[in-house]
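K.L.:
Residue-level listing of the chains:
2 protein chains.
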Amino acid sequence: MPSEFDLIARYFTRPTRSSSAVQLGVGDDCALIAPPADESLAISTDMLVEGRHFLPGADPESLGHKSLAVNLSDLAAMGARPLGFSLALALPAADEDWLASFARGLFALADQEHIELIGGDTTRGPLTICITVFGSVPNDHALRRDGALANDDIWVSGSLGDARLGLEVLTRHLKLSADDTAVALQRLHRPIPRVSLGLALRGIASAAIDISDGLTGDLGHILKRSALGATIEADLLPIGSALRSQDQKIQYEFALNGGDDYELCFCAPLSQRDRVIATAQQVGVAVTRIGQTREIPGLRVLDRAGKSLHLRSQSFDHFSTP
Amino acid sequence: MPSEFDLIARYFTRPTRSSSAVQLGVGDDCALIAPPADESLAISTDMLVEGRHFLPGADPESLGHKSLAVNLSDLAAMGARPLGFSLALALPAADEDWLASFARGLFALADQEHIELIGGDTTRGPLTICITVFGSVPNDHALRRDGALANDDIWVSGSLGDARLGLEVLTRHLKLSADDTAVALQRLHRPIPRVSLGLALRGIASAAIDISDGLTGDLGHILKRSALGATIEADLLPIGSALRSQDQKIQYEFALNGGDDYELCFCAPLSQRDRVIATAQQVGVAVTRIGQTREIPGLRVLDRAGKSLHLRSQSFDHFSTP
Numbered sequence: 507m508p509s510e511f512d513l514i515a516r517y518f519t520r521p522t523r524s525s526s527a528v529q530l531g532v533g534d535d536c537a538l539i540a541p542p543a544d545e546s547l548a549i550s551t552d553m554l555v556e557g558r559h560f561l562p563g564a565d566p567e568s569l570g571h572k573s574l575a576v577n578l579s580d581l582a583a584m585g586a587r588p589l590g591f592s593l594a595l596a597l598p599a600a601d602e603d604w605l606a607s608f609a610r611g612l613f614a615l616a617d618q619e620h621i622e623l624i625g626g627d628t629t630r631g632p633l634t635i636c637i638t639v640f641g642s643v644p645n646d647h648a649l650r651r652d653g654a655l656a657n658d659d660i661w662v663s664g665s666l667g668d669a670r671l672g673l674e675v676l677t678r679h680l681k682l683s684a685d686d687t688a689v690a691l692q693r694l695h696r697p698i699p700r701v702s703l704g705l706a707l708r709g710i711a712s713a714a715i716d717i718s719d720g721l722t723g724d725l726g727h728i729l730k731r732s733a734l735g736a737t738i739e740a741d742l743l744p745i746g747s748a749l750r751s752q753d754q755k756i757q758y759e760f761a762l763n764g765g766d767d768y769e770l771c772f773c774a775p776l777s778q779r780d781r782v783i784a785t786a787q788q789v790g791v792a793v794t795r796i797g798q799t800r801e802i803p804g805l806r807v808l809d810r811a812g813k814s815l816h817l818r819s820q821s822f823d824h825f826s827t828p
Numbered sequence: 507m508p509s510e511f512d513l514i515a516r517y518f519t520r521p522t523r524s525s526s527a528v529q530l531g532v533g534d535d536c537a538l539i540a541p542p543a544d545e546s547l548a549i550s551t552d553m554l555v556e557g558r559h560f561l562p563g564a565d566p567e568s569l570g571h572k573s574l575a576v577n578l579s580d581l582a583a584m585g586a587r588p589l590g591f592s593l594a595l596a597l598p599a600a601d602e603d604w605l606a607s608f609a610r611g612l613f614a615l616a617d618q619e620h621i622e623l624i625g626g627d628t629t630r631g632p633l634t635i636c637i638t639v640f641g642s643v644p645n646d647h648a649l650r651r652d653g654a655l656a657n658d659d660i661w662v663s664g665s666l667g668d669a670r671l672g673l674e675v676l677t678r679h680l681k682l683s684a685d686d687t688a689v690a691l692q693r694l695h696r697p698i699p700r701v702s703l704g705l706a707l708r709g710i711a712s713a714a715i716d717i718s719d720g721l722t723g724d725l726g727h728i729l730k731r732s733a734l735g736a737t738i739e740a741d742l743l744p745i746g747s748a749l750r751s752q753d754q755k756i757q758y759e760f761a762l763n764g765g766d767d768y769e770l771c772f773c774a775p776l777s778q779r780d781r782v783i784a785t786a787q788q789v790g791v792a793v794t795r796i797g798q799t800r801e802i803p804g805l806r807v808l809d810r811a812g813k814s815l816h817l818r819s820q821s822f823d824h825f826s827t828p
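Taken in sequence, the protein lines are chains A and B.
Residue numbering for the first sequence follows the working numbering, beginning at 507 and increasing consecutively.
Residue numbering for the second sequence follows the working numbering, beginning at 507 and increasing consecutively.
Isolated chain A (complex conformation):
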């Protein structure tokens, strides 16, 4: 069996591009990164555990993609430009086929985003992937959660709920058409981090978050940090194309609370409405206005008749759901 150091060298050491902010990559006690002058380093960590964030036996190439994508999504939500990432990986055995596939998915996305693997750790243990991403953002231009004001528009990128639908296909054997199944599983396994949209929203959005746990829960974080409430119109929700085959109750539930969407939810003043639309068109990402922030606390979701929808669950929570 190859040693840990052999494995790391074979799959996770690549020459660092000298043009980047990464001054020293894999292979020393620490990596060295210098953000550009007058910029800060934006940092986020996510840990993915087998049986919790992905099913046992999940395709390693998709897992490599998704592990990095969910972290890049946090940089996108901050308006930060990705620079690099570190990878800590616990594996039950040094399975070379698995490692080769995982690395392929991981580096395909890393190359697409022009970022470096700068270091990490590999160990034996229950399959666990912990990635920390690093990006740069001009001081005071980060898209924080606490900047929304009352009567801001609330926007979401792309569409919602298809990833959750994909999970239902896998875990509860929900039957969909072949086309819808493909769409739902693609959304579940291959989320696209909205990096270019996040960068373009600097100076336009007042607050942003990425939707990982579900729209209502994640928008709730913006509202709490900005000390606001909000009203959302359920009819305006951009329902995923596969999810549209389901009845309306399921559509709302998955779009509002499904989780794993990795879209951006952001707020912007009414005065920026045209700029939001133009900017989104420029970067080629659909955006939909779904409601407005309010001074009155609480999140209300209204149906077509203007009545409050009863929300079944808050959002996905790793400790309170089974």
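These aren't lab readings, by the way, just hints derived from the structure by calculation.
Glycine included, C-beta positions come from ideal geometry on N, C-alpha and C.
Careful, some of the hints might be misleading.
Coverage of chain A stretches by chain B, computed from C-beta distances (three or more under 8 angstroms per stretch; other residues unrestricted) [as the list claims (entries may be wrong)]:
#1 527-536
#2 576-585
#3 590-599
#4 621-634
#5 641-647
Per the computed footprint, the stretches of chain A lying under chain B, defined by three or more beta-carbons under 8 angstroms from a beta-carbon of chain B, are [unchecked claim]:
#6 548-554
#7 557-570
Put chain B on the given structure of chain A with help from the hints.
P.N.:
Same frame as chain A, but now just chain B:
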């Protein structure tokens, strides 16, 4: 059962000190850190897995200390000043007693080193702790592994082998005196990262690494990256005080290959010998000169008679040892 967000808020959210380089801490999509002007950010990640890096049922307070200490040790080996860290934690259950003890051990060390918890992730899963640390180091003054030159002195801080002895006490029920047991377990559970020594060695040491996997393996990384060999005199090794009760073969084996020492191994030109000693005295850490680098490849460990010792193992490797 409290939700994930409650747990994070209760144990892992503390106000960020405004005097630090940390501009935004826990509670947004990303943390924001800006290193001082003309400095780079040094970054390292370590993942600790139950049953692999610590025994099931390990004292959570010690584990909190050690999880951060082993990461700070990487910053020390780079000559970097610690600024902050992120914590990703997988827990089998939201055990509040465990979390309170773990947080106590973690933050006691964080406070001692004046660093901030800047973010992280908490999830359900097999007990796994992944910490990423951030420090700052002036550009081009980092203690890298690739800077050693032929005929440099090789030094180690503190003493070696007691942590491994502690592991033997726990796993093979080796009997020691009560005093020696206490020393050995303290070294195993409560490593002291050599941060002040690492900072003081900037501009003096030509290369440095921290000893996590064992002296010969870790020194081997310096030699490989610096394209050198080395000779070590076994008689010069600073044997841990508890380990001195064991026979000489065990002493050498644990000091050379024991692992978990978290001492610094560093190289420095002969011309710096007096400065190394004076600097170590200033920061109150013992240092011992154990050998010299050589142009000829390979690491030779010589006994009192000048004969090469047969080294049983290379170093601890998470994939090739059971």
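K.L.:
Confirm or reject each hint.
P.N.:
A quick look at each hint next to the structure:
Check result for the stretch 527-536 of chain A against chain B: holds, 6 residues qualifying (beta carbon to beta carbon below 8 angstroms, three or more required). With 4 residues bearing a CB less than 8 angstroms from a CB of chain B, the stretch 576-585 of chain A meets the requirement of three and the coverage assertion stands. Requiring three or more residues with a Cβ within less than 8 angstroms of a Cβ of chain B, the coverage given for the stretch 590-599 of chain A holds, as 5 such residues are present. Under a criterion of three residues with beta carbons nearer than 8 angstroms to beta carbons of chain B, the stated coverage of the stretch 621-634 of chain A is upheld, 10 such residues being counted.
Counting residues of the stretch 641-647 of chain A whose CB lies closer than 8 angstroms to any CB of chain B gives 3, so the stated coverage by that chain holds, three being the minimum. As drawn, the stretch 548-554 of chain A meets chain B at 6 residues by the rule of a beta-carbon pair under 8 angstroms; at three or more, the given contact holds. Only when three residues or more bring their CB closer than 8 angstroms to a CB of chain B does the claim for the stretch 557-570 of chain A stand; here the count is 3, and the claim holds.
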